[in-house]
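Heads up: the sequence shown runs through residues 9 to 144, numbered per my numbering.
I should point out that these hints are in silico values taken from the structure, not numbers from a laboratory. Idealized CB from N, CA, C, for every residue including glycine. Any given hint might turn out to be false.
[What the hints assert, rightly or not] List of simulated lysine to any residue pairs, SDA-like, C-alpha gap at most 20 Å:
#1 35 to 107
#2 73 to 107
#3 35 to 115
#4 42 to 133
#5 73 to 23
#6 42 to 107
#7 22 to 127
[Said to hold, decoys possible] Here are the in silico distance ranges between beta carbons for each label pair:
#8 84 to 35: 41 to 49 Å
#9 99 to 126: 31 to 39 Å
#10 78 to 48: 31 to 39 Å
#11 134 to 46: 29 to 37 Å
#12 20 to 46: 34 to 42 Å
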Amino acid sequence: MEVKKDNSYSRSFKDLECWQQAHEFVKTVYAVTKQFPEDELYGLTSQFRRAAVSIAANICEGYRKLSRADKLRFLNIAQGSLEECRYYIVLSYDIEYIDQATHDRLDYLINGASWKLNGYAEAISQNKGITDEYNI
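Kindly generate the complete structure, drawing on both the sequences and the hints.
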């Protein structure tokens, strides 16, 4: 279990603010990419969705890992996928698959997820809020 800001314990990855932000981003990416051209289904649409899902999924997987090193490894993978999505946002805008408002919404969501994810990784790195149950 991990300590949340209010000193209660998180009992699920769903309690993590970084996961909540990432999950919201994933849902938005799915909605946005439904509007992409059909010929992109196995191209940019698939890549964007897979990278977005990877952010949230790796946060989940890292949450249950027992060692600090394992937790951080999965969070680092999530951070890499997040940066990949940043590029897909830029590309989608540059090739006119999304408009400025959609770009700004995706950018806002990914920045929030990034900020929370980086904070969570830093807390894990510094061993803040981790109980002895996981022997970290």
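(request) Could you tell me which of the numbered hints above are not met by this structure, giving the numbers in increasing order? (result) 2, 4, 8, 9, 11
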